[in-house]
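Here is how the chains run, residue by residue.
Number of protein chains: 2
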Amino acid sequence: MQNLDCINRLINCFTKLPGVGYKTAERYAYKIVEEDGAFTKDFCDALLSVKANVKFCRRCGNFSVADECNICAKRGGDVVCIVRDPRDVIAIEKSGAFNGTYHVLHGVISPLDKKGPDDINLKSLLVRIRDEKITELIIATNPDVEGEATANYIAALVKPSGVRVTRLAQGLAIGTNLEYADQVTLSRALMNRVEI
Amino acid sequence: MQNLDCINRLINCFTKLPGVGYKTAERYAYKIVEEDGAFTKDFCDALLSVKANVKFCRRCGNFSVADECNICAKRGGDVVCIVRDPRDVIAIEKSGAFNGTYHVLHGVISPLDKKGPDDINLKSLLVRIRDEKITELIIATNPDVEGEATANYIAALVKPSGVRVTRLAQGLAIGTNLEYADQVTLSRALMNRVEI
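Chains as they are written, first to last, in my numbering: chain B, 1 to 196; chain F, 1 to 196.
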């Protein structure tokens, strides 16, 4: 309608964020127009500061401000938990149930998205298995098709080196209602039932 | 978990966008970390350029790069359509069914959000009614509680000056299924039925 190219450019930038469509990007952009200049300045500073300071841990691939993330720096241990992305590290850390180190894949094997084993952070995992005395890999990818396929691939890849490979348990989530659990979850829960 | 203050600061910025909660902001921030520097630079440029170039039309309150938006600059006419925000201008322009000028309120009267008549762009509307030869105001606020209240307020305010005040028709949306229409919409559609 109007020669508001700069707004369209900002809308275009916002659509590149995950899960943001055109309408949502439009709302965000209009919010920026309506907010005062201090907010925008702060926003830019925050963006640039993240880009300037945050890198990936050279050992596990997690976000870090130093060469090694502070999980790798503080913890040793022979158990490594493999996750898809840094958010999963935070989720597991919040549970407090794991005190080993992580390995972040930055993706999963997904032929539909043209992502093969070479496109995820696997090579450095093999290096770690060789150099560190790792005895167990806990594969904590999501329990979906891609996550399962990636888990199986890693298991097959690593088994020959004698490392124990485990997978997070699958079953009923705490607090769910049996009535509303899906069939696959229920059949897994039955299959993996434990003695009490 | 880690001294990643800059990420937290960016997450905090993202949560200020409309409809963005902590988890969503986290996803956006991690996307920024994972993208290359060019994207972030482009993003910042777009943000700053919007802030530097886009202002409000001094006549109608719509977004504009000049003193007057190009709708006000191109069109005259005595019919003014009153909308809540600039996105509504775009929506009505897309319909192609209106060729008068607009007046953007930048909000609606909403006591729950502590927004009274003085907090929306009403004063300049009264000035326009006095200075321009306006014969009709079409109130196109949303058909919800706040929108209706604002419409009624403006109607009461403007009626003494002899200007005709109308409201967008309320009834069944095109393509909807009668079966799934809500009760209020159906009763409005019945009430406002038209001869064929």
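Treat the hints as calculated values from the structure; they're not laboratory data. Incorrect hints may appear among the rest.
[Stated by the list, open to error] Computed spacing ranges between beta-carbons, pair by pair:
#: 1; chain 1: F; residue 1: G21; chain 2: B; residue 2: S124; range: 53 to 59 Å
#: 2; chain 1: B; residue 1: K94; chain 2: F; residue 2: G116; range: 50 to 56 Å
#: 3; chain 1: B; residue 1: D113; chain 2: F; residue 2: A189; range: 58 to 64 Å
#: 4; chain 1: F; residue 1: N152; chain 2: B; residue 2: N8; range: 32 to 38 Å
#: 5; chain 1: B; residue 1: D45; chain 2: F; residue 2: G21; range: 19 to 25 Å
#: 6; chain 1: F; residue 1: T176; chain 2: B; residue 2: L190; range: 40 to 46 Å
#: 7; chain 1: F; residue 1: A66; chain 2: B; residue 2: K94; range: 48 to 54 Å
#: 8; chain 1: F; residue 1: N177; chain 2: B; residue 2: E179; range: 25 to 31 Å
#: 9; chain 1: B; residue 1: N121; chain 2: F; residue 2: N177; range: 55 to 61 Å
#: 10; chain 1: F; residue 1: I174; chain 2: B; residue 2: D182; range: 36 to 42 Å
[Stated by the list, open to error] Keeping only pairs whose Cα atoms sit at most 25 Å apart, straight-line, the calculated PhoX-like set for lysine-lysine is:
#: 11; chain 1: B; residue 1: K41; chain 2: F; residue 2: K41
#: 12; chain 1: B; residue 1: K31; chain 2: F; residue 2: K115
#: 13; chain 1: F; residue 1: K94; chain 2: B; residue 2: K23
#: 14; chain 1: B; residue 1: K114; chain 2: B; residue 2: K16
#: 15; chain 1: F; residue 1: K159; chain 2: F; residue 2: K123
#: 16; chain 1: B; residue 1: K31; chain 2: F; residue 2: K133
#: 17; chain 1: F; residue 1: K159; chain 2: B; residue 2: K55
#: 18; chain 1: B; residue 1: K23; chain 2: F; residue 2: K159
#: 19; chain 1: F; residue 1: K55; chain 2: B; residue 2: K23
#: 20; chain 1: F; residue 1: K16; chain 2: B; residue 2: K16
#: 21; chain 1: F; residue 1: K23; chain 2: B; residue 2: K41
#: 22; chain 1: B; residue 1: K55; chain 2: F; residue 2: K41
#: 23; chain 1: B; residue 1: K41; chain 2: F; residue 2: K16
#: 24; chain 1: B; residue 1: K23; chain 2: B; residue 2: K41
#: 25; chain 1: F; residue 1: K74; chain 2: B; residue 2: K41
#: 26; chain 1: F; residue 1: K16; chain 2: B; residue 2: K23
#: 27; chain 1: B; residue 1: K31; chain 2: F; residue 2: K123
#: 28; chain 1: B; residue 1: K16; chain 2: F; residue 2: K41
#: 29; chain 1: B; residue 1: K31; chain 2: F; residue 2: K159
#: 30; chain 1: F; residue 1: K94; chain 2: F; residue 2: K74
[What the hints assert, rightly or not] Incomplete in silico selection of chain B near chain F, CB under 10 Å:
#: 31; residue: L4
#: 32; residue: I7
#: 33; residue: G76
#: 34; residue: F98
Just so it is clear, CB atoms sit at the ideal spot from N, CA and C, and this is done for glycine as well.
Going down the list of hints, with the structure as the test:
Distance hint check: the CB atoms of G21(F) and S124(B) are about 33 Å apart, inconsistent with the given range 53 to 59 Å. Taking 50 to 56 Å as the suggested C-beta distance range, the pair K94(B) and G116(F) does not conform, at roughly 43 Å. The hint said 58 to 64 Å for the Cβ distance between D113(B) and A189(F), and at roughly 46 Å that hint is violated. At roughly 36 Å, the beta carbons of N152(F) and N8(B) sit within the given window of 32 to 38 Å.
Take D45(B) and G21(F): their Cβ atoms lie about 22 Å apart, and the range 19 to 25 Å holds. Separated by about 44 Å at the C-beta atoms, T176(F) and L190(B) satisfy the suggested range of 40 to 46 Å. Against the hinted window of 48 to 54 Å, the Cβ-Cβ separation of A66(F) and K94(B) comes to about 51 Å, which satisfies the hint. A beta carbon spacing of about 30 Å between N177(F) and E179(B) agrees with the range 25 to 31 Å that was offered as a hint.
About 49 Å separates the C-beta atoms of N121(B) and N177(F), a value inconsistent with the hinted range of 55 to 61 Å. For the pair I174(F) and D182(B), the beta carbons lie near 37 Å from each other, so the given range of 36 to 42 Å is met. For the proposed pair K41(B) and K41(F), the alpha carbon gap of about 13 Å is at most 25 Å, so the pair holds. A threshold of 25 Å between alpha carbons decides the hint, and for K31(B) with K115(F) the separation of about 18 Å falls inside it, so the pair holds.
About 14 Å separates the Cα atoms of K94(F) and K23(B), which keeps this hinted pair within 25 Å; it holds. Restraint check for K114(B) and K16(B): satisfied, since their Cα atoms lie roughly 19 Å apart, inside the 25 Å limit. For the given pair, K159(F) sits about 15 Å from K123(F) by alpha-carbon distance, which is consistent with the 25 Å threshold. Among the hinted pairs, K31(B) with K133(F) is inconsistent with the structure: their alpha-carbon atoms are about 33 Å apart, more than 25 Å.
Under the criterion of a C-alpha separation no larger than 25 Å, the hint pairing K159(F) with K55(B) is inconsistent with the structure, at around 63 Å. Annotation: proposed proximity of K23(B) to K159(F) is violated, straight-line Cα distance about 36 Å (limit 25 Å). As the CA atoms of K55(F) and K23(B) are separated by approximately 21 Å, the hinted pair is consistent with the 25 Å bound. At roughly 18 Å between alpha-carbon atoms, K16(F) and K16(B) fall within 25 Å of each other, so this suggested pair holds.
Between K23(F) and K41(B), the direct Cα distance comes to roughly 23 Å. Compliance with the 25 Å bound is thereby established for this hinted pair. Of the supplied pair hints, the one linking K55(B) and K41(F) holds, its CA atoms being roughly 17 Å apart against a limit of 25 Å. For the proposed pair K41(B) and K16(F), the alpha carbon gap of about 14 Å is at most 25 Å, so the pair holds. The straight-line distance between the Cα atoms of K23(B) and K41(B) is roughly 24 Å, inside the 25 Å bound, and the hint therefore holds.
This hinted pair does not check out: K74(F) and K41(B) have alpha carbons roughly 34 Å apart, beyond 25 Å. Restraint check: the Cα-Cα separation between K16(F) and K23(B) comes to about 17 Å, which is no more than 25 Å; the hinted pair holds. Of the pairs offered as hints, the one joining K31(B) and K123(F) holds, with about 23 Å between alpha carbons and a cut-off of 25 Å not exceeded. For the proposed pair K16(B) and K41(F), the alpha carbon gap of about 14 Å is at most 25 Å, so the pair holds.
Straight-line distance between C-alpha atoms of K31(B) and K159(F) comes to about 33 Å, which puts the hinted pair past the 25 Å bound. The hinted pair formed by K94(F) and K74(F) meets the criterion: a straight-line CA distance of about 17 Å does not exceed 25 Å. Annotation: interface hint on L4(B) holds; nearest CB of chain F at approximately 6 Å, less than 10 Å. The interface hint given for I7(B) holds, since its Cβ lies 6 Å from the closest Cβ of chain F, which is under the 10 Å cut-off.
Using the Cβ-Cβ criterion of 10 Å, the hint placing G76(B) at the interface with chain F is not satisfied: the shortest such distance is roughly 17 Å. For F98(B), the interface hint is violated, the least distance from its beta-carbon to any beta-carbon of chain F being 12 Å, above 10 Å.
Of the numbered hints stated above, those contradicted by the structure are hints 1, 2, 3, 9, 16, 17, 18, 25, 29, 33, 34, listed in ascending order.
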